[in-house]
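Q: According to our numbering, the stretch in the sequence shown is residues -2 to 120, in order.
Worth flagging that the hints you see were computed from the coordinates, not collected in a lab. Note that the structure is a prediction, hence the values are computed from the model and not measured. A virtual CB, placed ideally from N, CA and C, is assigned to each residue, including glycine. Any given hint might turn out to be false.
[To be verified] The calculated SDA-like cross-link candidates involving lysine to any residue, where the alpha carbons are at most 20 angstroms apart (straight line), are:
#1 K96 <-> V42
#2 K96 <-> A70
#3 K96 <-> L117
#4 K96 <-> A67
#5 K96 <-> A71
#6 K96 <-> Q61
#7 K96 <-> L36
#8 K96 <-> I64
#9 K96 <-> L59
#10 K96 <-> V77
#11 K96 <-> P63
#12 K96 <-> D32
#13 K96 <-> A40
#14 K96 <-> A39
#15 K96 <-> Q62
#16 K96 <-> S65
#17 K96 <-> D29
#18 K96 <-> G78
#19 K96 <-> V38
#20 K96 <-> A35
#21 K96 <-> L57
#22 K96 <-> H53
#23 K96 <-> L33
#24 K96 <-> R58
#25 K96 <-> D41
#26 K96 <-> I34
[What the hints assert, rightly or not] Pairwise CB distance ranges (calculated):
#27 L33 <-> N106: 34 to 40 angstroms
#28 G91 <-> R111: 38 to 44 angstroms
#29 L110 <-> A40: 29 to 35 angstroms
#30 A67 <-> V109: 24 to 30 angstroms
#31 L117 <-> D41: 32 to 38 angstroms
#32 P63 <-> A89: 15 to 21 angstroms
#33 A97 <-> P45: 20 to 26 angstroms
#34 A89 <-> Q61: 16 to 22 angstroms
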Amino acid sequence: MYQTGQHAVPDGAGPLVRPYAMTHGRTRPSSDNFDLIALVVAADVPTPTVGLEPEHHVVLRLAQQPISVAEIAAHADLPVGVVRILLDDLRAGGCVQVKAPMSVAKMPNTRVLRAVINGLRAL
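Hey, can you work out the whole structure from these sequences and the hints?
A: Following this line, the structure appears as structure tokens:
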């Protein structure tokens, strides 16, 4: 245990950075919210070194392959709200692309999928 001000913190607790410090006080993205299952992938542009927090770089590293917003939050050990704001920053800078999940209305219905499976089995 070690002391930080008046509070005792267990060893190995990790960095004590408040979420509002990572997001510069913002509580939501400036544009739209990012769905938990939206896929994020890093863009093929050079990563700017000025103006990005270490957490931005963690998100960019995770997004080298398509990954969902929820997975980024889990792997980076950050709250989803913070990840959404970081993604908003990165998208505004052209560093990431975000693909919204397919709506239920656009998904093939069960009847079509069964017909495809039956057709494949008939081969």
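Q: None of the hints should be skipped; say for each whether it holds.
A: Against the structure, the hints:
Using a Cα cut-off of 20 angstroms, the hinted pair K96 and V42 holds, with the two alpha carbons roughly 17 angstroms apart. Taken as a hint, the K96 and A70 pair is honoured in the structure, with Cα atoms around 17 angstroms apart against an allowance of 20 angstroms. Restraint check for K96 and L117: not satisfied, since their Cα atoms lie roughly 30 angstroms apart, outside the 20 angstroms limit. Taken as a hint, the K96 and A67 pair is honoured in the structure, with Cα atoms around 14 angstroms apart against an allowance of 20 angstroms.
Under the criterion of a C-alpha separation no larger than 20 angstroms, the hint pairing K96 with A71 is consistent with the structure, at around 19 angstroms. For the suggested pair K96 and Q61, the alpha carbons sit about 14 angstroms apart, so the restraint of at most 20 angstroms is met. With a C-alpha separation of about 5 angstroms, the suggested pair K96 and L36 falls inside the 20 angstroms cut-off, and the hint holds. For a cut-off of 20 angstroms, the pair hint linking K96 to I64 stands: about 10 angstroms separates their Cα positions.
Between K96 and L59 the CA atoms are separated by roughly 16 angstroms; this keeps the pair inside 20 angstroms, and the hint holds. Only pairs whose Cα atoms come within 20 angstroms are accepted, and K96 paired with V77 is accepted, the gap being roughly 17 angstroms. For the proposed pair K96 and P63, the alpha carbon gap of about 9 angstroms is at most 20 angstroms, so the pair holds. With a C-alpha separation of about 10 angstroms, the suggested pair K96 and D32 falls inside the 20 angstroms cut-off, and the hint holds.
With a CA separation close to 12 angstroms, the supplied pair K96 and A40 stays within the 20 angstroms bound. Between K96 and A39, the direct Cα distance comes to roughly 11 angstroms. Compliance with the 20 angstroms bound is thereby established for this hinted pair. For the suggested pair K96 and Q62, the alpha carbons sit about 13 angstroms apart, so the restraint of at most 20 angstroms is met. This hinted pair checks out: K96 and S65 have alpha carbons roughly 9 angstroms apart, not beyond 20 angstroms.
Simply put, K96 and D29 have alpha-carbon atoms about 13 angstroms apart, close enough for the 20 angstroms limit, and the pair holds. For the proposed pair K96 and G78, the alpha carbon gap of about 18 angstroms is at most 20 angstroms, so the pair holds. Pair hint K96 plus V38 holds up; C-alpha atoms about 8 angstroms apart against a cutoff of 20 angstroms. This hinted pair checks out: K96 and A35 have alpha carbons roughly 6 angstroms apart, not beyond 20 angstroms.
Taking the CA atoms of K96 and L57, the gap is about 15 angstroms. The hint holds against a cut of 20 angstroms. Between K96 and H53 the alpha-carbon distance is near 18 angstroms, which keeps this suggested pair within the 20 angstroms criterion. With a C-alpha separation of about 11 angstroms, the suggested pairing of K96 with L33 holds against the 20 angstroms cut-off. Taking the CA atoms of K96 and R58, the gap is about 18 angstroms. The hint holds against a cut of 20 angstroms.
With a C-alpha separation of about 15 angstroms, the suggested pair K96 and D41 falls inside the 20 angstroms cut-off, and the hint holds. A C-alpha spacing of about 9 angstroms is found between K96 and I34, which places the hinted pair at or below 20 angstroms, so the restraint holds. At roughly 24 angstroms, the beta-carbon separation of L33 and N106 lies outside the given 34 to 40 angstroms, and the hint is violated. Range check, G91 to R111: about 42 angstroms between beta-carbon atoms, so the 38 to 44 angstroms window is met.
Distance hint check for L110 and A40: the Cβ-Cβ separation is about 33 angstroms, which falls inside the suggested range of 29 to 35 angstroms. At about 28 angstroms, the beta-carbon gap between A67 and V109 stays in the expected band of 24 to 30 angstroms. As the Cβ distance of L117 to D41 is approximately 35 angstroms, the hint placing it in 32 to 38 angstroms holds. Range check, P63 to A89: Cβ separation about 20 angstroms, and the 15 to 21 angstroms hint holds.
For the pair A97 and P45, the supplied restraint of 20 to 26 angstroms holds, since their beta-carbon distance comes to about 25 angstroms. Our hint of 16 to 22 angstroms for A89 and Q61 holds, since their Cβ atoms are close to 20 angstroms apart.
This entry does not satisfy hints 3 and 27, going by the numbered hints stated previously.
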